[in-house]
Amino acid sequence: MDTSSLTKKRIEELLQEGKRFDGRKPLEFRKIEIETGISKNAEGSARVRIGDTEVLVGVKMDVGEPFTDSPDSGALIVNAELLPLASRKFESGPPQIQAIELARLVDRGIRESEFVDLKKLGIKSGEKVWAVFVDIYPINDDGNLIDAAALAAVAALKTAVLPVLKDDKVQYGEFTTKGLPLKEMPITITCYKIGDSFVLDPTSQEEDSAKVRVTVTMTFDKETYIHALQKSGEGALSEEEILEIIKIAETEGKKLLKRFDEFLKKTAPK
Amino acid sequence: MTEKTYKRADGRDPDETRKIEARVGVIKNADGSAFFSFGGSQAIAAVYGPRQLHPQHLQNPEKCLLRCNYDMLSFSVTERKRPGPSRRSAEISYVTTKALEPVLQLEGLPNTVVDVYIMILQADASTRCAGINAAAMALANAGIPMNGLVSAVSIGKIGDTIVADLTKEEEDFTVTKGGEEIKAVTDIPMAFTSRGNKITLLQLDGKIKPEELKEAIALGKKVCKKIAEIQAEAIKKVDKDKD
Numbered sequence: 001m002d003t004s005s006l007t008k009k010r011i012e013e014l015l016q017e018g019k020r021f022d023g024r025k026p027l028e029f030r031k032i033e034i035e036t037g038i039s040k041n042a043e044g045s046a047r048v049r050i051g052d053t054e055v056l057v058g059v060k061m062d063v064g065e066p067f068t069d070s071p072d073s074g075a076l077i078v079n080a081e082l083l084p085l086a087s088r089k090f091e092s093g094p095p096q097i098q099a100i101e102l103a104r105l106v107d108r109g110i111r112e113s114e115f116v117d118l119k120k121l122g123i124k125s126g127e128k129v130w131a132v133f134v135d136i137y138p139i140n141d142d143g144n145l146i147d148a149a150a151l152a153a154v155a156a157l158k159t160a161v162l163p164v165l166k167d168d169k170v171q172y173g174e175f176t177t178k179g180l181p182l183k184e185m186p187i188t189i190t191c192y193k194i195g196d197s198f199v200l201d202p203t204s205q206e207e208d209s210a211k212v213r214v215t216v217t218m219t220f221d222k223e224t225y226i227h228a229l230q231k232s233g234e235g236a237l238s239e240e241e242i243l244e245i246i247k248i249a250e251t252e253g254k255k256l257l258k259r260f261d262e263f264l265k266k267t268a269p270k
Numbered sequence: 271m272t273e274k275t276y277k278r279a280d281g282r283d284p285d286e287t288r289k290i291e292a293r294v295g296v297i298k299n300a301d302g303s304a305f306f307s308f309g310g311s312q313a314i315a316a317v318y319g320p321r322q323l324h325p326q327h328l329q330n331p332e333k334c335l336l337r338c339n340y341d342m343l344s345f346s347v348t349e350r351k352r353p354g355p356s357r358r359s360a361e362i363s364y365v366t367t368k369a370l371e372p373v374l375q376l377e378g379l380p381n382t383v384v385d386v387y388i389m390i391l392q393a394d395a396s397t398r399c400a401g402i403n404a405a406a407m408a409l410a411n412a413g414i415p416m417n418g419l420v421s422a423v424s425i426g427k428i429g430d431t432i433v434a435d436l437t438k439e440e441e442d443f444t445v446t447k448g449g450e451e452i453k454a455v456t457d458i459p460m461a462f463t464s465r466g467n468k469i470t471l472l473q474l475d476g477k478i479k480p481e482e483l484k485e486a487i488a489l490g491k492k493v494c495k496k497i498a499e500i501q502a503e504a505i506k507k508v509d510k511d512k513d
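For the record, the sequence lines run as chains R and V.
Residue numbers are given in the working numbering: position 9 of the first sequence equals residue 9, and the series is strictly consecutive.
Residue numbers are given in the working numbering: position 162 of the second sequence equals residue 432, and the series is strictly consecutive.
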């Protein structure tokens, strides 16, 4: 259901006082739940719930041909389907721009941070490499799908194992205990601007009220690096605002990474 | 193993289904939703509607249209399924619609549609049956007028034994005859209405004698009765959070 202009106005007014409908502070996330190993047929899988938003991500692997300019590098293919099951807003049919953007945002974060070390996913130089498919399925959309999908993708990759390979063919349904070659975990934070206020983790209603958003993917090892950035939406932002958003993404991203790390420590691979 | 002595790998009795889990209210945005699983085969279903039907030329001024859509997550199966619809999913969507229609009372809602979206989260055979069971529960959860439930199960003949609720491993069962590996499984997914025990889904592939089919249908009827009880029980447990 579309959010009424009256509701949008109220959301904007409340935010000027630093308040939200559900009592959160502007930069506060809803409750985050992460579950890995949710699918026995996937090489890696995760379910992430942020408030009422729920996303499933699965990793499947296959043997493919390398690109001619990188004969030893594996391939990463990120795909998202916005199922009409998850929201009234989603329609059946070929992927719409929202689904494509979601997949590309998650793809860019993983690719540019080199989280999956594709160079180590060659099998036979120039002939065979691993293809890593990351498939994103929202089950219920109540806002902030991007951050939820990015988190679920990283969780699924982190806990993924390689399938058994025999004569260069994947033995479907048989898994090794070997994980993927991974580097520093990227964290994706999307900052929304509603009226003059910055908000993280919006609900659907808040998302509808935002004119503009910026998605930032960062790693925080010894130093903070930005790996992917995307401004989206109809509004425009000043230079100062962009810098403020990056500051927010760094502070809040570090908090999210800490929570994520603690969760992963308690989790065994697949 | 000879044909006569088929024993189920998981130790189940021939008329025993895998562990069933059923609950409603799993997708908050939907008007009705449900989860149903037979062991490792898990399905969710969401119902949206009744709502205005587009495209307009499909509208019926006398009644509401039922439109089911079945699909699988790409990673629900061992070899990645290419995202998006296929000939298989189109056919299953169609037979699912026809399996559910007989219990729905859709008259008097002109030019509307009830959309049922079924997604297989994890597949281990019998996914269309799990999908139908979830869909029937989701429709009830959405408050769509219904004359009873629909329950589905796949009955199989493995070797010479009639069994309920096949797994993928059982579906792939072969016997060696004259040094040749041959498929020795007949798969018969079927659905029954809870009131009146009418058959609303019946498909078969394999090789079976008419008297064996009779036995299979009798077993399906018995098992579906139990499934209907589980569905009905789950429908009553409505999530308190749902408005």
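Just so you know, the hints here were simulated from the structure itself, not pulled from any lab data.
Take the hints with a grain of salt, since some may be wrong.
[Stated by the list, open to error] With a straight-line Cα cutoff of 25 Å, these simulated SDA-like cross-link-like pairs (lysine to any residue) come out:
id	chain 1	residue 1	chain 2	residue 2
1	V	Lys438	R	Lys31
2	V	Lys453	V	Ala279
3	V	Lys438	R	Val63
4	V	Lys277	R	Gly173
5	R	Lys158	V	Arg293
6	V	Lys453	V	Gly418
7	R	Lys89	V	Pro353
8	V	Lys333	R	Ser92
9	R	Lys89	V	Pro320
10	V	Lys333	R	Pro84
11	V	Lys277	R	Glu174
12	V	Lys438	R	Gln171
13	R	Lys89	V	Asn330
14	V	Lys453	R	Gln171
15	R	Lys40	V	Ser359
16	V	Lys438	R	Glu174
17	R	Lys31	V	Arg293
Cross-check of the supplied hints:
Distance restraint check for Lys438/V and Lys31/R: the Cα-Cα separation of roughly 37 Å exceeds the 25 Å cut-off, and the hinted pair is therefore not satisfied. With a C-alpha separation of about 17 Å, the suggested pair Lys453/V and Ala279/V falls inside the 25 Å cut-off, and the hint holds. Restraint check for Lys438/V and Val63/R: satisfied, since their Cα atoms lie roughly 24 Å apart, inside the 25 Å limit. Taking the CA atoms of Lys277/V and Gly173/R, the gap is about 23 Å. The hint holds against a cut of 25 Å.
With a C-alpha separation of about 30 Å, the suggested pair Lys158/R and Arg293/V falls outside the 25 Å cut-off, and the hint is violated. Simply put, Lys453/V and Gly418/V have alpha-carbon atoms about 37 Å apart, too far for the 25 Å limit, and the pair is violated. Pair hint Lys89/R plus Pro353/V holds up; C-alpha atoms about 19 Å apart against a cutoff of 25 Å. Among the hinted pairs, Lys333/V with Ser92/R is consistent with the structure: their alpha-carbon atoms are about 23 Å apart, no more than 25 Å.
Taking the CA atoms of Lys89/R and Pro320/V, the gap is about 16 Å. The hint holds against a cut of 25 Å. For the hint linking Lys333/V to Pro84/R, the alpha-carbon distance of about 23 Å falls within 25 Å, and the restraint holds. The suggested pairing of Lys277/V with Glu174/R holds, with an alpha-carbon distance near 24 Å, which does not exceed 25 Å. Using a Cα cut-off of 25 Å, the hinted pair Lys438/V and Gln171/R holds, with the two alpha carbons roughly 16 Å apart.
Note on Lys89/R and Asn330/V: the hinted pairing holds, with a Cα-Cα distance of about 24 Å set against a maximum of 25 Å. With a C-alpha separation of about 21 Å, the suggested pairing of Lys453/V with Gln171/R holds against the 25 Å cut-off. This hinted pair checks out: Lys40/R and Ser359/V have alpha carbons roughly 22 Å apart, not beyond 25 Å. In summary, the hint linking Lys438/V to Glu174/R is supported, as the alpha carbons are separated by about 14 Å, within the 25 Å threshold.
Under the criterion of a C-alpha separation no larger than 25 Å, the hint pairing Lys31/R with Arg293/V is consistent with the structure, at around 23 Å.
Checked against the numbered hints given earlier, the structure breaks hints 1, 5, 6 and satisfies all the rest.
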